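Sequences are here, hints too, so could you generate the full structure?
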Amino acid sequence: MAVKKFNRRTFIKAAAASGVVGSVPMYLSLADHKKVASEEPLKKVWSQCNGCASMCSKAVYSKNNRLWKVEGHPLHLKSGGRLCARGHGMAADVYNTSRVTQPMKRVGDTFEPISWEQAFSEIGEKLGKIVEEHKGDSVLWVEHGPRGKFYADILLDLIGSPNYCTHYSTCFTSKTNVWPKMVGDSLAADHENANYLLFVGRNFGGGIIPNGMNKIHKAIERGAKLVVVDPKYNEMAKIAHDWVPIRPGTDLAFYLGLAHTLISENLYDRNFVNRNVLGFSEFWEANKTASADWASEVTGIPADKIREIARDMAASAPKAILEPGWHGLNCHYVNSTQTAQMNVILNALVGNFYKIGGLYPGQDIPFGSVDRKMPPFKRKGERADGAGVKGKFPTVEPGRGIAQITPQLVEEGLIKAVFIYHYNPLRTAPNPEYQKKIKDAELVVVIPTDWNETAVHTAHYILPEDYYLERTETPRNNSGHLAHIYPQISIRAKALDPIHDTKPLREIVAGICEAMGYEGYFNFTIEDEVKAALSTVEGLTPERLYEEGTIEFTTHFMEGVPLEFKTSTKKINFKVPEYEANGFSGVPTWVPPATWPKEENEFRLIHGKQPWHSHSITANNPYLMAITKAYNGEWMWMNKVRADKLGIKNGDTVTVQSSVSTKQAKVKVTELVHPDCVWISNSYGNFSERQKDGYGVGVNFNDFLELQVEPMAGGTNSQEIIVKITKGVS
Amino acid sequence: MARYAMLIDASRCTGCGACRVACQMQHQLPPNMSFNRLEFRERGIFPTVKQEIVPVQCMHCDNPPCLHVCPTNATYKRSDGIVLVDHDKCIGCKYCMTACPYDARTLNEKRVPEKCKFCSEYVVQGQEPPCASTCMCSVRIFGDLDDPDSEISKAMAKKSVYQLIPEKGTRPRIYYVKK
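So the sequences go chain by chain: A and B. Position one of the first sequence corresponds to residue 1 (our numbering), numbered consecutively onward. Position one of the second sequence corresponds to residue 1001 (our numbering), numbered consecutively onward.
Hints should not be assumed to be uniformly reliable.
[As the list claims (entries may be wrong)] If you want the footprint, here are the derived chain B segments under chain A, 3+ residues with CB under 8 Å:
1. 1019 to 1031
2. 1043 to 1050
3. 1132 to 1139
No wet-lab data here; the hints were simulated from the structure. All values reported here derive from a predicted model rather than from experimental measurement. Glycine included, every Cβ here is placed at the ideal spot set by N, Cα and C.
Structure representation (structure tokens):
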């Protein structure tokens, strides 16, 4: 396919990025690596971090293939020259003793090493039989997403399976479901230029984007106001003008109260709404009684505070933003999709769309694709998980799927073969004991870098991928989360030679396809792919991108509301036709959470990120777990008034019981959390014995969570958990 | 001659620990050994509550108690103000650890009481210590107080500052922004 040439005028150079580093001395006091590097020159390669999904561009310094340290790329949108603890710590994980060092095959409850040839040939044969007996529809590829998609799609197209699935349903699915239907785009906030910043259930200081925090500090220095609404005093609350604790599960009511104030006091952007919005009057009709006073009753936030926030936002409009958010609130409750709808509506009411200091879309450049043999057309059946399927989950996006029900699909016999890439559902999806049933499929292939829970408890074969520092990948756009007027691209280049018998994903999928007899579909190298990707940009060579790591273009976003939106109605939909057509309310109205704590010893179990952990992927990192140890990071936060009533003191062990399981945890007694809930970091509760630093530390919210599917967007309802807490071990 | 110092704005710190791990990588320290730490404190009662975080490390004092008690002169102060430890002279008596009012020292695998070196080899080449350069909240400013154009000199001129435990007379080279 011919790709339109992207006109490059000039590149903005990362001036600070290409300094001379040859003479820097180096200290290798770690016993194993003391002598290896002393005489070698220092090598610097641009990679992209894998500690979370922000993929900060970073310089990797090494000598004689021994990693020394990493530094953030000064130009990269997410990094801004800075890296968080995870960025540094996860680089060192290349030497983690829990890495899978070669292909493994399950023998009973343990594993034996096998060669790549044997692995490919056995998997190819088994998969071939499954496809023959049950069709390609019985094969599922599930990954964090979407980094393996290009290669996974080749396999899925060859065998004729529609079942590509990401982890999104366990993370932020309401947000990504709502924006395309309501706005036709995904807009990011321009924090640096906004005058009023409202963060609800979102925390750049915990789920870190380094340059995001940097931009917020800059906005505050310039005089912007930051308000943080969260049941927990999170890291951003510390630097905010106002921390507004909210009863967990009631954010939707808070949003409705804000909207009511904006509309009833005539503070909203009438011009913007009249010109661009469909369904405003239906929304207002449905929510006329949802006043700030009503919202105050539900949320526990004083009505005057709700009105103050709405009026302050209006006063700063259009340079006022309600941060569109990510994980927080977007798969947490039965009302998460309505909450996500309200996020769009509030931003629209202050008219900040496509504005500097408001929200605007990520600026991307189109990449080319490698010239390759395409799989022949094969008929594909309906998705096994029912995403996008009439009568099942018609409004859930089929491109992302419903990851948490994989064991159910295996149990029902719909899925016979499961491929799990860069994803650990046994720790990050609800009810791990149930997730273990994934193992009952006829074939389970796990492609990790380390012995995570999913590998240990479900894999029939483990095919270890190269660590991220050991592989080159195709370039990516850096857009998302933070608005930036210029497009940027970055590349992850191989900084270290692989130290174990591991392979890049491309070779793993190619090996399986070839073993099944599909020849010639991977006749390209990663260098071919990089070159093809950049073929759309005149004059930009792979060498130049490798040298600079991140490149910024001078073409840029210009303010201006589009004449037409990319929605089904070409307008911004306050009333979503796709929801209405499938039996849901098109406009959001108040939906209470499905569960409430009632008894004196009952709490809602909520979770969030701790700044030095991402999620399960960092939970066995020795450097990051040492921070956990230093600050009791795995303890469960409980409000002091509630703790006093139950006779619980700081550091006490308690028994935590839900409908799913009973476990013990240590308690941090604090004033920094809402009395209705207990809070834990989402990173702990590692139960893979092959991960010595994480194993047995703390508990995880998924331990206590029933398997659920929120019907509109497919979320897990991950905070619809009520736990009973008793002092001591019982 | 340079006069190295650091200015810490604790009010900007959100406690992410990047300074700790960046330093550990720079000096290739094992996971449980750190040259800097954070002290957390809560003030008030829900919902009117504040959290304070104070980053602490070797203060490179102008009157360093650790240096005065060292029986072998292993601890010494460079002319630019950086306090360092000569590993060959150290006999591991740990007097310095007891004498330091900031609890800034930690034993390395050879039982030498180690500490923050203000990245002595790197700063003379004009590099910034990674605890400062990696910080997303720009909590730390490192620089030369004898250079009136340095970022730290300019910031010190604008802001009122304090030092930790001044009553000990240690005259630290680390200053904190007063809010």
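Violated constraints from the hint list, given by number and in increasing order:
Failing hints: none at all.
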